[in-house]
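Engineer: Line by line, the protein sequences are chains A and B.
For the first sequence, full-length UniProt numbering begins at 1 and goes up steadily by one.
For the second sequence, full-length UniProt numbering begins at 1 and goes up steadily by one.
Careful, some of the hints might be misleading.
Unchecked claim - Which bits of chain A does chain B cover? Going by a derived footprint, with three or more residues having C-beta under 8 Å, they are:
| id | segment |
| --- | --- |
| 1 | 232-244 |
| 2 | 290-304 |
What the hints assert, rightly or not - Chain A side only, calculated, beta carbon under 8 Å to chain B, not exhaustive:
| id | residue |
| --- | --- |
| 3 | Leu251 |
| 4 | Asp254 |
| 5 | Thr255 |
| 6 | Glu310 |
| 7 | Asn349 |
| 8 | Ser495 |
| 9 | Ser549 |
| 10 | Asp555 |
What the hints assert, rightly or not - Simulated pairs of lysine-lysine, DSSO-like, Cα-Cα distance not exceeding 27 Å:
| id | chain 1 | residue 1 | chain 2 | residue 2 |
| --- | --- | --- | --- | --- |
| 11 | B | Lys146 | B | Lys82 |
| 12 | B | Lys170 | A | Lys199 |
| 13 | B | Lys121 | A | Lys199 |
| 14 | B | Lys43 | B | Lys82 |
By construction, these hints were calculated from the structure, which means they are not laboratory data.
Keep in mind the model is a prediction, meaning the values are calculated, not measured.
Just so it is clear, CB atoms sit at the ideal spot from N, CA and C, and this is done for glycine as well.
Below are the chains, spelled out letter by letter.
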Amino acid sequence: MLKLKVTFLATLFVFIVSFTAIATESNSLDLSLQELMNVEVTSVSKQKQPLSNSPAAIYVVTSESIRRSGATSIPQALRDVPGLHVAQIDSQKWAIGSRGFNGRYNNKLLVLMDGRTLYSPAFSGVYWEVQDTLMADIERIEVIRGPSAAMWGANAVNGVINIITKHSADTLGGYAELGAGDYEQGFAGFRYGSTMSDKVTSRVYLKGHERDSFELDPNDLENDLLAPFADAGKDNSWKYLQLGGRIDIQLETDTSLTVSSDFYTSKMQQAPNIASTEAPLYREFYTDEVTNDGFNLLSKYTKALSATSEYSVQAYYDYTSRDEDLYDLRSDTFDIDFQHQLIIGQNHNIVWGLGYRYIQDEVDSRLRTFLTSSESTQTNTDLWSAFISDEIMLIKDELWLTLASRFEHNDYTGLEVQPNIRLMWQLDAKNNVWTSIARAIRTPSRLEDNISVNALNIPPSDVSPLVKVWVSGSDNFESEEIISYEVGYRFMPVSQWSFDTSVFYNNYDQLRRTSIGATDFSTYPNYISQYTVFENGDDGYNYGVELSSLWVASDTLQLRVNYSFIKSEFGDNLGQNTDAPEHMLSTIIDWNIIDDIDVNFVWRFIDDTIVISENNTSEKTIERYNSVDIGVSWDITPDVTLSAYGKNLLHPAHLEYEGESLQFPYRVGPSYYLKATLIF
Amino acid sequence: MKKANLSRQLLYSLLVIFVLLPHTSIAQDSFDLKAAFTYNFAKFTQWPESRLNEKSPWKICFFGNQYRDSFMELSNKTLANKPITAISLLETSQIELCDVVFIDANSRDLIRRLFLAVDNKPILTVSDISGFAVQGGMIEIVEQDKRLYFNINSKVLEASGLNISSQVLKLALEVKQ
């Protein structure tokens, strides 16, 4: 009886209080300024997902969601974006792909930070382990799936990841964070932002971390690797330090200048293996310390010419150096871009631009027997580009047509044209449909043009001596091509619930594979060299659906579901990884339990992944897995927060990815860390 | 035994309350609040005679999809006996037709063009972009310790021929002369 009464009273209480809450909400326009200044701002509202108006498959990772998830690196912040396959290979190495073609050396995704291209020209992929900044200084990460080459240039084949850091006016004052755990053995970050005058703000930051090794499980290895496994080093820990800063200057009310710079240095342990001439394995295992340093300096000048016209000039210099036993990479990139946006009449929104990029890269190997180049170790390349895009409003505030194309000239394949046509129909305030057809290309990298790698050795037999198998680049290697068809639909029935979906069909042509080339007998009878050469021999297609939905259930609770389905048809292709996990699902709950305690809960499922195995000659299935992340944070005062995070919980350690890297496969297991942040 | 059940019941009830409830019942969505601030600023602005004599409704323009619901509520309100029309903007091309413009922090990249568009015109500009008031905007909404405050640039207001009530000036955190 008493029980009933309590339940009844509690329910009644809930009703009354929620009723008052609703009642005040609808009245905010009747409040005076003084009253408004006394109202507390809810925390969930800050995270309302800005539902995009753009005719593309865009997902935005907000600074708020990064903070709540406790992501300590950019790859972690990207983990649950629909359509992205984010997989950790070992403690330092990541494979991130959009709509397939993932891998350590994924070359079909363009990644930018504040307008600076982050890929390495040697293989046109991203070394994620050295792309970092203070996570608290990230404004948002825009992820565009599908080709966006007409706007962003070659290699924006399957997507673009655009990391945008905060304006320095938004990072004033001090911020410090300190944390430690099992995998995250220790990390610290510090930033100080100041107002130098009414028109000048700046910040400086410093961050560093030490991360532990991932574990190696013999069950993940192919039989021929079991013996060397026992003696091989397994250390894959790393240390990282980065510092940088940014200044924003408003020169006139219509003119601004931004200058930013970063410097990083890191030391990573790894246990690679390469082909050798020694029996019985003809493969040598060793341990290695990779040293990575980089520096960049970027400046961007923007001037508005009128209410409807603005241009910007951006220039940057980027230096990166990577030393490991297999190879040394060094590159200097200088890039300058001009961009002009203007609105003509009521119906034309035009953006056009010109760009030039100069890259000097040096690829060398201390192990001459592993890597050689037909060109000098140091090469220079030029990239010229021009683009134009016109967004035409066909029916006022209802129907838009975008025609765009980019024209690029690169030293490997000459002129490349990448056109795109998009249409967007805003049915009403709640429904939005868009469609796109685009052609994009992936230009060759140095690796595919003039470098040879001794991938494996075939042991001598009764009829043949040892055969060294080389994978070689070729002058004839052309760009890989995609033609992509997309349709998207966005639906927001009420402001608390939104739904975004896209369907795509991608047709790939001229894909990379290898064919048997020349055999060199000059070293017979010691060994012979068999060359396999890169060529554009494969094609295929994939199609799929992505959807994301956000439900703001109450002022204190929100739920997000992201799902993607993809189906690939590329035949028995061993030229590169093509397939993505068929199903990927993430459910994210943000719950403000009481006043100062927030909980972030993520459950994700990643389906089986088919990858090229470590011996480069066969395929391997990485088993599907589930994992759970839980984070709890407590605002002790408005300026001091304590938080605890558990990652990859409730499920045993598992492989997320492997292959292409001449490395052992490592398992990702549960980990935890504690963090304290201070604002001053 | 019964006691344990009861406390569990209580716990569940409490959980339900926490889920359904904002921590303090007066906590509110910052989007609604910023729209309400903007409406109040417009109310306490002395508009030029010429504008008051015009019959057309007040045009309160805003950027950002996230603010749509909050600003559309304004269409039920009046200002100096004239109705209000809330207009969602994506670009800077129509700013000159507005009486009030609210531009949110996600649209920071548009402020250079905004300043050119409203230059010395009687258009009230409100924003939550940090530094907005000192850089050439009129009113900047700032968030401190979960509450909203504002800064005013009275120099820009005067140059545009607008005046804001001294009551509002008194409430401002900072007034730039």
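Engineer: If a hint holds in the structure, say so; if it does not, say that too.
Structural biologist: Against the structure, the hints come out as follows:
no., hint, in the structure
1, 232-244, "violated (count 0)"
2, 290-304, "holds (count 3)"
3, Leu251, "10 Å, violated"
4, Asp254, "5 Å, holds"
5, Thr255, "7 Å, holds"
6, Glu310, "6 Å, holds"
7, Asn349, "7 Å, holds"
8, Ser495, "4 Å, holds"
9, Ser549, "16 Å, violated"
10, Asp555, "4 Å, holds"
11, Lys146(B) <-> Lys82(B), "34 Å, violated"
12, Lys170(B) <-> Lys199(A), "25 Å, holds"
13, Lys121(B) <-> Lys199(A), "22 Å, holds"
14, Lys43(B) <-> Lys82(B), "12 Å, holds"
When held up to the earlier numbered hints, the structure conflicts with 1, 3, 9 and 11 and fits the remainder.
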